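Engineer: The lines below spell out each chain.
There are 2 protein chains.
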Amino acid sequence: MAKKKPIAIVVHGGAGPDSEHIHKNKKGYEEGLREAVDTGYKILEEGGSAVDAVEAAVKKLEDNPLFNAGRGSALNANGEVEMDAAIMRGSDQSSGAVALIRNIRNPISLAKAVMMNTKYRFLGDMGALEYAKQLDIRLEPSSYFITEHQYDAFSKKREEEFTSSDRIGMDQLNARMHGTVGAVALDQEGMVAAATSTGGTENKKMGRIGDSCIIGVGCYANNKTCAISGTGDGELLMKNIIAYDISALMEYKGLTLQKACETVVLERTHKQEGDVGVIGVDAAGHIAMVFNSDRMHRGWKTNSRQQGIEIYDKK
Amino acid sequence: MAKKKPIAIVVHGGAGPDSEHIHKNKKGYEEGLREAVDTGYKILEEGGSAVDAVEAAVKKLEDNPLFNAGRGSALNANGEVEMDAAIMRGSDQSSGAVALIRNIRNPISLAKAVMMNTKYRFLGDMGALEYAKQLDIRLEPSSYFITEHQYDAFSKKREEEFTSSDRIGMDQLNARMHGTVGAVALDQEGMVAAATSTGGTENKKMGRIGDSCIIGVGCYANNKTCAISGTGDGELLMKNIIAYDISALMEYKGLTLQKACETVVLERTHKQEGDVGVIGVDAAGHIAMVFNSDRMHRGWKTNSRQQGIEIYDKK
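Top to bottom, those sequences are chains C and U.
Each residue of the first sequence is one higher than the last, beginning at 96 in the numbering used here.
Each residue of the second sequence is one higher than the last, beginning at 96 in the numbering used here.
Treat the hints as calculated values from the structure; they're not laboratory data.
Watch out, some of these pointers could steer you wrong.
No copy is singled out in the list; a pair is fine if it fits within one copy or between any two copies.
[What the hints assert, rightly or not] Listed below are the simulated SDA-like cross-link pairs for lysine to any residue, each with C-alpha atoms no more than 20 Å apart in a straight line:
no.	residue 1	residue 2
1	Lys214	Gln229
2	Lys137	Lys214
3	Lys214	Ala172
4	Lys121	Glu368
5	Lys348	Arg363
6	Lys214	Phe249
These numbers come from a predicted model, not from an experiment.
Could you build the full structure based on these sequences and the hints that come with them?
Structural biologist: Written out as structure tokens, the structure is:
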């Protein structure tokens with residue numbers, strides 16, 4: 096009897112500091128992660144592609160108002176939502192990415208359309224919106240994206256800005272408020288894929304682009320090595336070219352996926368610089384979830400009896 | 096007597112197919128490259144930083160209407176100029192990048208301001224323009240950027256689009272029309288830096304972001320390894336994470352700068368996929384200029400008697 100072909104999916108809902116909001120909504124977060132994992136896994140089980148699985152999983156997280164991507168995105172300093180997303184296919188290193196996206200219900204699906212239907216890899220702002228209007232991509236009014244939680248956070252910060260004399264403390268607080276969602280998967284054909292989507296950092300300057308939409312940083316996939324989705328302080332991930340560095344350590348130094356993730360996230364990144372978390376999968380079905388922060392929302396399922404949902408415990 | 100500290104600068108003005116326009120303006124291109132090299136080298140000679148040297152060199156190329164960056168940028172499908180740029184400092188991997196920039200005379204200086212003065216690494220479109228308006232950054236009317244050559248190219252392409260039945264051929268032609276400018280330098284303190292700036296591909300979809308502003312792809316700098324500026328088919332550079340891959344091969348496989356550039360540009364990139372060119376420098380003062388295309392406009396000068404300007408001959 097032929098050996099069972101490995102399939103696997105891992106999702107994340109952001110890495111960073113703990114908060115009262117997370118504690119209070121722990122159950123909702125766990126349910127959201129489980130729904131994303133199950134949706135992606137079902138596609139893999141039925142023989143679907145890793146690309147379709149990571150897109151479907153990320154869409155679930157974008158639609159879920161608890162996560163900072165799609166609906167529930169953080170508001171920028173102007174009180175608006177500007178989203179970034181990227182997707183990559185490990186079989187041929189095709190990729191699609193979008194930045195500064197408004198009014199697109201699922202930025203990850205627009206990134207996928209860029210990958211599948213254009214000769215480009217990266218579209219931004221109005222040009223990306225113009226392109227989306229030509230496609231069967233669902234638009235939403237600006238109010239759809241803004242949740243009570245994010246609006247309160249924005250209002251509170253505005254108020255503090257006007258009253259606080261400790262601006263440096265404020266900046267540090269702002270810098271630590273972040274979130275992202277992402278997924279990596281391995282399908283029955285042995286193809287890996289990665290997808291990442293975010294509303295970016297709270298109170299960010301209008302026009303700020305983070306790591307999530309940067310191929311090689313917040314998202315990378317290569318059947319020869321791994322698929323990676325990153326989260327944490329975007330500027331720190333960009334500094335260290337996190338996702339491709341993991342792939343390079345596997346390819347050039349022969350490290351395993353787990354060891355490569357640990358090297359990049361725990362050794363090559365200085366903890367005091369900020370939060371970094373990654374999820375990964377390789378073509379043999381190994382999975383990895385490594386973070387240097389208080390917590391990383393994550394869920395996983397493989398056909399070798401591994402599955403789980405965690406927020407805090409490091410494993 | 097102490098050994099003379101090495102200093103070096105290399106600039107490029109794009110890699111790609113040959114053209115009648117390039118032949119006709121060969122002397123002008125050579126003068127422009129020489130001016131950029133001399134400007135950057137003077138800064139290094141006087142003890143200035145590699146960051147200042149690459150910025151100054153790239154500004155000269157942005158101001159020169161012959162090169163596709165700043166004034167002389169290619170027009171997008173709407174007949175508008177949208178520019179990308181990035182800069183990176185090798186001592187601490189600080190970086191700044193801007194995408195979809197309009198009306199900024201020198202996008203590289205805005206990228207440098209993002210690096211020096213903000214907690215962000217990447218700003219795009221209107222948000223970047225808003226930020227520029229707060230700074231002492233020179234703005235220009237849209238007409239400033241549009242040269243006769245680029246306008247003619249745009250008009251010709253529009254006309255062909257309406258008359259040609261061979262749309263696939265057109266797309267291929269469009270894809271091969273590209274250009275970028277860039278510089279890498281090593282200063283007396285042993286710091287390397289890289290800068291890249293572009294008007295992007297001719298007739299590109301509005302909102303298309305290329306490799307030039309992507310840290311790790313079109314621009315990367317690390318004192319431990321090298322500074323790299325890339326050019327060619329942006330989407331192909333993005334696929335292969337060109338700049339960081341060169342650094343990774345040096346760090347993880349012990350390759351020399353020259354060998355790492357050759358491996359990435361000539362071995363790991365399939366010639367039929369498109370044009371790629373890179374310039375590089377390391378902390379010991381070694382320089383590299385490697386391309387798989389008909390030509391790469393380039394100039395270089397070091398204090399170990401190396402200097403030159405070339406467009407065609409591969410060395």
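Engineer: Regarding Lys214 and Phe249, is the shortest C-alpha distance of 20 Å or less found within a copy, between copies, in both, or in neither?
Structural biologist: between (38 Å within a copy, 19 Å between copies)
Engineer: Please sort Lys137 with Lys214 into within, between, both or neither, judging by C-alpha distance up to 20 Å.
Structural biologist: Answer is neither: 30 Å inside a copy and 41 Å across each miss the 20 Å cutoff.
Engineer: 20 Å Cα cut-off: does Lys214 pair with Gln229 within a copy, between copies, both or neither?
Structural biologist: For Lys214 and Gln229, the Cα distance is within 20 Å only inside one copy (16 Å; across copies 36 Å).
Engineer: Checking Lys348 and Arg363: alpha-carbon separation at most 20 Å within a copy, between copies, both or neither?
Structural biologist: both (15 Å within a copy, 17 Å between copies)
Engineer: Is it within, between, both or neither when you check Lys214 against Ala172 at 20 Å Cα-Cα?
Structural biologist: between (33 Å within a copy, 14 Å between copies)
Engineer: Could you figure out if Lys121 and Glu368 sit no more than 20 Å apart (CA to CA) within one copy, between two copies, both or neither?
Structural biologist: For Lys121 and Glu368, neither the intra-copy (27 Å) nor the inter-copy (48 Å) Cα distance is at most 20 Å.
Going down the numbered hints, you'll see the structure goes against 2, 4, while the others check out.
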